[in-house]
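One line per chain: the protein sequences are A and B, in this order.
With my numbering as the guide, the letters of the first sequence map in order to residues 1 to 564.
With my numbering as the guide, the letters of the second sequence map in order to residues 565 to 802.
Just so you know, the hints here were simulated from the structure itself, not pulled from any lab data.
Each residue gets a CB set at the ideal place from its N, CA and C atoms; glycine is no exception.
It is possible that part of the hints are untrue.
Calculated pairs, SDA-like style, for lysine to any residue (alpha carbon to alpha carbon, straight line, at most 25 angstroms) [as the list claims (entries may be wrong)]:
| hint | chain 1 | residue 1 | chain 2 | residue 2 |
| --- | --- | --- | --- | --- |
| 1 | B | K727 | B | D797 |
| 2 | A | K88 | B | S760 |
| 3 | B | K662 | A | I50 |
| 4 | A | K369 | A | L405 |
| 5 | A | K237 | B | D797 |
| 6 | A | K118 | B | K727 |
| 7 | A | K88 | B | T778 |
| 8 | A | K39 | B | Q709 |
| 9 | A | K346 | A | Y61 |
| 10 | B | K784 | A | E75 |
| 11 | A | K370 | A | N353 |
| 12 | A | K530 | A | K369 |
| 13 | A | K436 | B | F748 |
Restraint ranges, calculated between C-beta atoms of paired labels, are given here [what the hints assert, rightly or not]:
| hint | chain 1 | residue 1 | chain 2 | residue 2 | range |
| --- | --- | --- | --- | --- | --- |
| 14 | A | D501 | B | I766 | 58 to 66 angstroms |
| 15 | B | K662 | A | K138 | 51 to 59 angstroms |
| 16 | A | K550 | B | L712 | 57 to 65 angstroms |
| 17 | B | I766 | A | K550 | 44 to 52 angstroms |
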Amino acid sequence: MYYIGISAYYHESSVFLTDNQGTNCFLKEESFSRIKGDKNFPQRCLKFLIKKFNLNNENIYFISFYEKPFKSWWEIFYYSINNPIKNKDFLIHHLKNFNSGSIFFYTDINKLINISKKKIIYSSHHLSHCLYGISVVKNISEYVHITCDGVGEGETMSIHTIDNKLKIKKIWANFYPNSIGLFYSTITDFLGFEINEGEFKVMSLSSFGKPKYEKQLKQIFNINNFKINMDYFEFQKNLSKSFSKKLCEMFGKPYLNLNEEANFKKYADIASSAQLILEETMENLIKKAIQISGKKKIVLTGGVALNCKMIHNLSKLDIFDELVVPPSPGDSGSAIGAANFAYLNKTKNKTLNLNTIFLGPKKELINDKKNKDNLFLKIGLTENFIGDAAYRIINGEIIASYYGLTEVGPRSLGNTSIFCDAKNSSSVNNLNISLKKREYFQPLAPILLEEDFEKYFSINQNIKKNLEWMGTLCDANEELYKEYSSIIHVDGTCRTQIIKDENSITYKLLKELKKQGSEILVNTSFNISKDPVVFDLFDVYVNMRRLNIKFVLMDDGFYQTRDI
Amino acid sequence: MFLIPKSNLKNFEPERCCFVLNEFAAAEFSSGVEMLFAAKNINNQKLSEGFIRHALDEYKHCTIFNNIKNQIILEYKINKKELSFVPNHLYNKGYIYKDHFIFEKKKINDFAIFIGANEEIAEKKLITFANHLKKHKPFAFKEVQNILEDEERHAEYSLKFAKNNNGFLSYKIKVTKERILSFFRHIYANSLNKFSFIFNPILVVILIMINFVTYFLNLKKDTTDNDVMKNIDPESIA
């Protein structure tokens, strides 16, 4: 019997299926539609699951949606309806979206699978975040659960505790429009990046600037009482931009070209100031959570938790014993939280037991073997195909990986990645700028064995767990500057991932690499800018051709693309 | 490109040109996505390989259009955020259907006719656009010429396949029908925004009425909840 969690309609849509007995399948709609950030009802994911797991009314316990659809729609509408004329563009759009949004979730589901209405249940937005968060820690009652995002069902921040009997208490909440997430998104918009996509660029950019606009931004967002000054925002009324004229009066023209030095410096300073406001706000929120709950271990979820620079800087304040951010803290990961809600509803006193962060499908479930033979040619220099891959990497080759279970979350953690030798600065630059077309101010992420971590990096122990899924930054040690300087960000940090699982191919590859003279790989997601990460073998082939990558490491060998 | 861009250029004007380039990039990208889907789902290796090649061309064209656009943006110091290429906007722009790919709704022969007929229309549109570039942006003109050659080849292959798999009369009828349908689809897509002039005033009146009702509502927000699981109604959407 399966539990299915679904997150959709607002951010990237995702579905999570589990029987809590070892069968897990996390899917994103973008993997099938090939449209990055696809937020439509995940009908393609569901069709895949229906086919592969033979789903029907009898073998599904619950299908759980990650939030209350009407509440979510209404809370935003209710705020803007205060001034229907001024906010008419936004409200009309919102009205028109009424019947194409999540309110008709049951109808959308029933177009695909005939399922009893009683099996469709609805969690609550921040509760789903919280229930996903508990799946990555043990002894959940020792933690206080903080959620912070743009907005979900009118809430923008919330604090929950969970006792040993799984009684969940909400002990504090903050409401729309007072949102640090929307504040940061608005700055993202002002700087010319796409909301829900460009926030990590603002984070990278912030390292190049100084927080010169701290005072001004503190007038806009109060870091102590978490209130926003709406004079500077228009997200409640404007569909195309979320900041007001007043913000432009403060900072000048928006959307300037970052390639011009003066613009870059100014925008880096704005980004740095916004980052500081975010970090100080979160510091106060964490202090509040500790004070109310009496617990000093924290699980942080919500889109804001994706800001790994913030996690790193918060760890240095020594205000908590441990801070854990799950691999997919945003809305996409809430599909897992929704499935957990379904499980908890059924069992009343148990939650899902997920022992891995790799919850996606196996490659064999996705692909037909004949496609592999049609598209790729196995190349065996020796029987040790992982050693062959390491050899190519050491010799400057950029290779792709496609093996094991698919990752959950926005970061590729080795199984669908592109690797190059971090020692080889020309390969690193080629990968970052030419192949991936990333902004030049965005650094790439290193990946290495856990045993080598302390030689090259330092991190406060209270956030170390997050290194397993690139959830935080860490500091570069002197040793790293000697041979691997090209992967160090301008502020001396790296978004490092450590590998612990000795059975994984990534672990074996790093071991081989070490034998051949290098200990660190650069790891970036296997996709092209504006495209989702590869899902099936066709995507692998097309992306390799587009990126001009010749070799790919798979579960059973080292391959190159065939000419077709 | 067999999905037809929704706008074109009457005179060369840099900002407008960038908007059109953005539309061309969107159409190319969407065609790439459609072809990739077809490659995955056709049960014929040769056709699948053909679709992959076609998809690779479409993605390449998308990159070329975006590069030309970016050069013009730099040269003329245009700062419009609407000019950034965002794949997720393809749904709202109507280049991709939310609930299906074209390949899912058509038989392979009809799909080939759809591609062939629309590639020809898109090609004509691109020729008009290229002529503007010829005078003002010769560097871009050369690249667009290469794209035109690809488009011509795509149309030729598709129509040849359709010709071979349909009787002469059936082929002619289907191609003509597809051309007419494309014409009307284009008119419909371009007039969508015009409907808002009729409906928006009605919606504003509705909004004012809702505002009047909500004025009397005093909805409380709970900052605490002593037992979330007990107090939540799993079947409720509110």
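Comparing the hints with the structure gives:
About 60 angstroms separates the Cα atoms of K727 of chain B and D797 of chain B, which puts this hinted pair outside 25 angstroms; it is violated. Our distance criterion of 25 angstroms between C-alpha atoms is met by K88 of chain A and S760 of chain B, whose separation comes to about 13 angstroms. Distance hint between K662 of chain B and I50 of chain A is fulfilled; the C-alpha atoms sit about 19 angstroms from each other, no more than 25 angstroms. For the hint linking K369 of chain A to L405 of chain A, the alpha-carbon distance of about 16 angstroms falls within 25 angstroms, and the restraint holds.
As the CA atoms of K237 of chain A and D797 of chain B are separated by approximately 32 angstroms, the hinted pair breaks the 25 angstroms bound. About 52 angstroms separates the Cα atoms of K118 of chain A and K727 of chain B, which puts this hinted pair outside 25 angstroms; it is violated. For a cut-off of 25 angstroms, the pair hint linking K88 of chain A to T778 of chain B stands: about 16 angstroms separates their Cα positions. A distance of roughly 36 angstroms separates the Cα atoms of K39 of chain A and Q709 of chain B; the hinted pair therefore is violated under the 25 angstroms criterion.
Taking the CA atoms of K346 of chain A and Y61 of chain A, the gap is about 8 angstroms. The hint holds against a cut of 25 angstroms. Straight-line distance between C-alpha atoms of K784 of chain B and E75 of chain A comes to about 11 angstroms, which keeps the hinted pair within the 25 angstroms bound. The hinted pair formed by K370 of chain A and N353 of chain A fails the criterion: a straight-line CA distance of about 35 angstroms is larger than 25 angstroms. A C-alpha spacing of about 28 angstroms is found between K530 of chain A and K369 of chain A, which places the hinted pair above 25 angstroms, so the restraint is violated.
Restraint check: the Cα-Cα separation between K436 of chain A and F748 of chain B comes to about 39 angstroms, which exceeds 25 angstroms; the hinted pair is violated. With their beta carbons about 60 angstroms apart, D501 of chain A and I766 of chain B fall inside the hinted range of 58 to 66 angstroms. In this structure the hint that K662 of chain B and K138 of chain A lie 51 to 59 angstroms apart at CB is violated, the actual value being about 41 angstroms. The hinted window of 57 to 65 angstroms between K550 of chain A and L712 of chain B is violated, with their beta carbons roughly 30 angstroms apart.
At roughly 59 angstroms, the beta-carbon separation of I766 of chain B and K550 of chain A lies outside the given 44 to 52 angstroms, and the hint is violated.
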